[in-house]
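Can you join these two chains into the complex? Each is in its own frame, and there are hints to help.
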Amino acid sequence: MIGVADLVVSYPRAQRNAVDGVSFIAQRGQLTALAGPNGSGKSSIVRALLRRADIASGSVTIDRTDVRTLSHAELARSVAVVPQREETAFPMQVREYVALGRYPHLGLWRTASNVDESAVDDALVQAGVADLADRDTDALSGGEWQRVRIARALAQKAPALVLDEPTTFLDVAHEMAIFELLWSLARSGLAVLLVSHQLNLVARFADTIVLLSEGKVATSGTPADVMKADRLESIYGWPVVITRDPAIGAPSLVPLRRPLNL
Amino acid sequence: MIAVARGAVSISLGAVVDALRGRGDPTVIAIVRDLRLPRVILGALVGAGLGASGAALQGSLRNPLAEPYLLGVSGGAAVGAVIAFALGVSNDVIVTLAAFIGAIVAVFIALAVSRVGGRGARADLRTLLIAGVIVGAFANATIMVALASAEPNKVRGALWWMMGSAADATWQRVQWLSFSIVVAGAALIYWAREIDVLSLGEDTAAALGVDAERSGRRVFLLAALLAAATVAAAGLIGFVGLVVPHIARRLGVRSHRPLVVAAALVGATLVVAADLAARTVAAPTELPLGAITALLGVPFFLVQLRRTT
Chain A
1 MIGVADLVVS YPRAQRNAVD GVSFIAQRGQ LTALAGPNGS GKSSIVRALL RRADIASGSV
61 TIDRTDVRTL SHAELARSVA VVPQREETAF PMQVREYVAL GRYPHLGLWR TASNVDESAV
121 DDALVQAGVA DLADRDTDAL SGGEWQRVRI ARALAQKAPA LVLDEPTTFL DVAHEMAIFE
181 LLWSLARSGL AVLLVSHQLN LVARFADTIV LLSEGKVATS GTPADVMKAD RLESIYGWPV
241 VITRDPAIGA PSLVPLRRPL NL
Chain B
1 MIAVARGAVS ISLGAVVDAL RGRGDPTVIA IVRDLRLPRV ILGALVGAGL GASGAALQGS
61 LRNPLAEPYL LGVSGGAAVG AVIAFALGVS NDVIVTLAAF IGAIVAVFIA LAVSRVGGRG
121 ARADLRTLLI AGVIVGAFAN ATIMVALASA EPNKVRGALW WMMGSAADAT WQRVQWLSFS
181 IVVAGAALIY WAREIDVLSL GEDTAAALGV DAERSGRRVF LLAALLAAAT VAAAGLIGFV
241 GLVVPHIARR LGVRSHRPLV VAAALVGATL VVAADLAART VAAPTELPLG AITALLGVPF
301 FLVQLRRTT
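First to last, the sequence lines map onto chains A and B.
The numbering of the first sequence is our numbering, which starts it at 1 and goes up by one.
The numbering of the second sequence is our numbering, which starts it at 1 and goes up by one.
Note that these hints are calculated values from the structure, not bench results.
Heads up, the beta-carbon is just placed ideally off N, CA and C, and yes, glycines get one too.
Honestly, I wouldn't trust all of these hints.
Stated by the list, open to error - Residues of chain B clear of chain A, computed beta-carbon distances all greater than 10 Å: (1) ILE29; (2) VAL105; (3) SER149; (4) VAL182; (5) THR204; (6) ARG217; (7) LEU221; (8) ARG254; (9) SER255.
Stated by the list, open to error - Distance windows between CB atoms, simulated: (10) ASN63/B / THR243/A: 45 to 55 Å; (11) GLY189/A / VAL133/B: 43 to 53 Å; (12) ILE130/B / ASP138/A: 21 to 31 Å.
Just chain B, with the same shape it has in the complex (with noise of 0.2 Å):
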């Protein structure tokens, strides 16, 4: 609600409700309805995705440092907006999808990088974290190409979308975003109690009937999913997958499927309260939201390191 209200317009609180009742000024209901609300659920949803995405991933390859974005999918995502960019595509719905569609093949090199290196001998999940890592480090550089190659005029809007921002919230962006959501996260939150097991290492794993590999390449591709769609609705917004999972541990969740749930809420409220911060501290001027969000989270979890040792 305030998040809602606060803006380089300020809206009172009960403007915002009487706005959302259909009620009061036009130009308020305006801003309220297809500005400020779309904005703040979209914000809502990519971080429940990304913070989903980072605690299944953490648990099933057993690292504290894993996060969706080391996988591939956000320089997958940025090659494939960067090549829609560069080609001089401007419509918005083509551009998400370039770069969801981009996040997905680069999840599919890396599954295909991981099985090469294994030959015959089952690939594990720690090849599979490589091979996302070199994945990423190839999209990478093709952007640097793509990007001194380009005109500066069209580039720009590219760099904007890998700050990340919530601000090109549309209806359209928050219906397909709760979409791919609400499918990949409830069918994690299902697979949740595989993650426990998983956290055990694949000698255990398979000891308590799952076999590690599949189970994790399910896990895997789910997660990629979540962090594929938020990085198409709103670009690279660093840090939430990494961090918001130990901050949710933190609070004392450790089972996997209360700890999906948990990190998906705090996830969600970090970029809400992040992109508040973005629109707000220096209005009318947006700084970018992926910045904040580790401005925010942070002190956030530096706290919460001291408290509890």
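Next comes chain A alone, as it looks inside the complex (with noise of 0.2 Å):
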């Protein structure tokens, strides 16, 4: 379980606070979805998560610790995050790469064990890479590197999980199935943390949704309880309309036309 409360993060010269008191649970076995629009605080959130950026107030808890109590490798052995942006700077083969996930777990001379091994194993089977471990990273599409990415994180144990935006670049195909695949990797018992502003993606996967609008928790709930268009409209500053996606009946945010001025 990620908890958040009451955070504040400040960067220096900054005008506002980037997170500015914002409080949300990230339960096990649940998909929780963290969105918004761009520089809302979303990316914020993580990086205090991972202590790359201070906490100037509240706290971020893994499973009831606070992240500042852990040393680096235990906040890495609590929650595994898949950032943003990576590239490797040399190519690797996938399975080397997979198993730096275990790097916090390793002993003093940083050697693998049989049980690293196999949470290896596991991950590439569980990402559903496992056809590709002998592949270089240089050779994979967009959509087996982010998978691979998972993999690396998966391969961290963790009881928690956090992506941030994992499908920009996507097409449909690979985006829905990572989605499918976090979905089912949350009903197997993680924690999944998704930073994501593709509210109608996230609307249809997760179980609850976290809307962030300037640093602050704009409205939170289930899916239906969060999207209400009059609400969207003024934190995105767009008109909208809600309609329903036709397979499953999720709600789907819909931006309109601006109106022609005749």
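Written out as structure tokens, the structure is:
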């Protein structure tokens, strides 16, 4: 479980706090989505969780332990994060790359044990990339690379998984495949926190949506609670209507064309 | 062995073996034991240090163009040596020490500059690279001013040293260099797994439990120490730190622990071969070793590049 309580994150010389008193909980066994417009503070929360941004006040906890009391390795054992951007400087074999997920578990001399090897095997299978194990990371498509990165995070065997915009630049099929994977990972017992600005996709998969606006929680709850036209219009500053997705009836947002001024 | 045997005076391999065992012609024994052998070992150590340093830097800075001399190490060492020469010092130990101190000072200036640039926010590793380049540029300017205003005969020594040479090898230098290389090299090999993680970028490194800033600084310092020791012992031998890691990678080594070791071995081989060429091709005139490493390394690298693409 990931708990964020009254979190405030501010950067030097910024006009306002990047995160300004945000509270929410990402439960185990659930897919929780952190959504909102650009600059609403989504990524800053991830940075605070990883201690890459200073927490001015409030707290981020993993299973009720404050992240600031954990060592870097302990933190990496309790939560696995797939950051937004990542490019390997030099290509390596997919299996070697996924094995780096075991880094926080390694002993003093940093060599892999049988436990580490089998964790890597499991992660490759879980993320559906076992057949890519011998390929090089620079020979993967965008969709394959994202799955391999998720496999790397799964190899960490942490009870919580955080992903920052994992489907940017992916086509529809790969995007859906990633969301289905995350949904099943949540069902298998992980606390999955997904940062995404793709509200429509999130509304079809997430158990809970936390919608941020200007560093504050604008609204949160089930997709049906959050997807209200008037509220979304004021958050995004754009006229919208809410329809239903024809397959499962999940609420879906349609931004409108600006009316022609004749 | 071949490198020990060949030179301005050619000695048969059998005679080399005899000389190492302390048998045979006393002149040959002297050449082998006091001139050739320390020179070959010094060359191997310099190559190993530069190769390992380059491999570690390219990985942690995530930049295939990174090399030890980009960090201001070479510039700082040259400034130290040139100052010593300009002051009329010709004592070998003092010049070496001055070069080493110059290199270390340059590295710390680069670290300080990168922190000022970061101001409050965390200084990232790219800032460190830029800071190193800037410090190096400043050092070069200082050298030019010093060379322009110094007497020509004092400066000649400094110039030869800047071209890089293993010619002044003594057992004392070999001992001193091997100590630095073994200590810094062992530390680098121990922390090499962290370089694998650092090569994924700072966000991912943080996600894997590595403090990118601290760990990057540690690698940077160790790599700088290796390079500074080689520069102090043999001057500037360009190109080795840049290309040797690529050659090692082309040989199929990816993970940084074996890569650092492989780069050290490739670097040692390359520099010994280059030094052999430097003293035999136009014998008895010696060519600058730094130029030979580039002349040997570039074609080899190009062949490797062609073969894999």
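Going down the list of hints, with the structure as the test:
Annotated as non-interface, ILE29/B keeps its C-beta farther than 10 Å from every C-beta of chain A; the closest such distance is 43 Å. For VAL105/B, the non-interface assignment is confirmed: its Cβ lies about 29 Å from the closest Cβ of chain A, beyond the 10 Å cut-off. Remark: the non-interface label on SER149/B is consistent with the geometry, its nearest Cβ contact in chain A lying 43 Å away (cut-off 10 Å). Under the 10 Å C-beta cut-off, the non-interface status given to VAL182/B relative to chain A holds; the minimum distance is some 18 Å.
At the 10 Å boundary, the C-beta of THR204/B falls inside the reach of chain A, the nearest C-beta of that chain being 5 Å off. The beta carbon of ARG217/B sits about 15 Å from the closest Cβ of chain A, which is more than 10 Å, so the claim that it is off the interface holds. For LEU221/B, the condition that its CB be more than 10 Å from all CB atoms of chain A holds, with the nearest at approximately 19 Å. Some Cβ of chain A comes within 10 Å of the Cβ of ARG254/B; the nearest lies about 5 Å off, and the non-interface call is violated.
Distance check for SER255/B against chain A: the nearest CB is about 6 Å away, which does not clear 10 Å, and the non-interface claim fails. In this structure the hint that ASN63/B and THR243/A lie 45 to 55 Å apart at CB holds, the actual value being about 49 Å. At roughly 50 Å, the beta-carbon separation of GLY189/A and VAL133/B lies within the given 43 to 53 Å, and the hint holds. At roughly 26 Å, the beta-carbon separation of ILE130/B and ASP138/A lies within the given 21 to 31 Å, and the hint holds.
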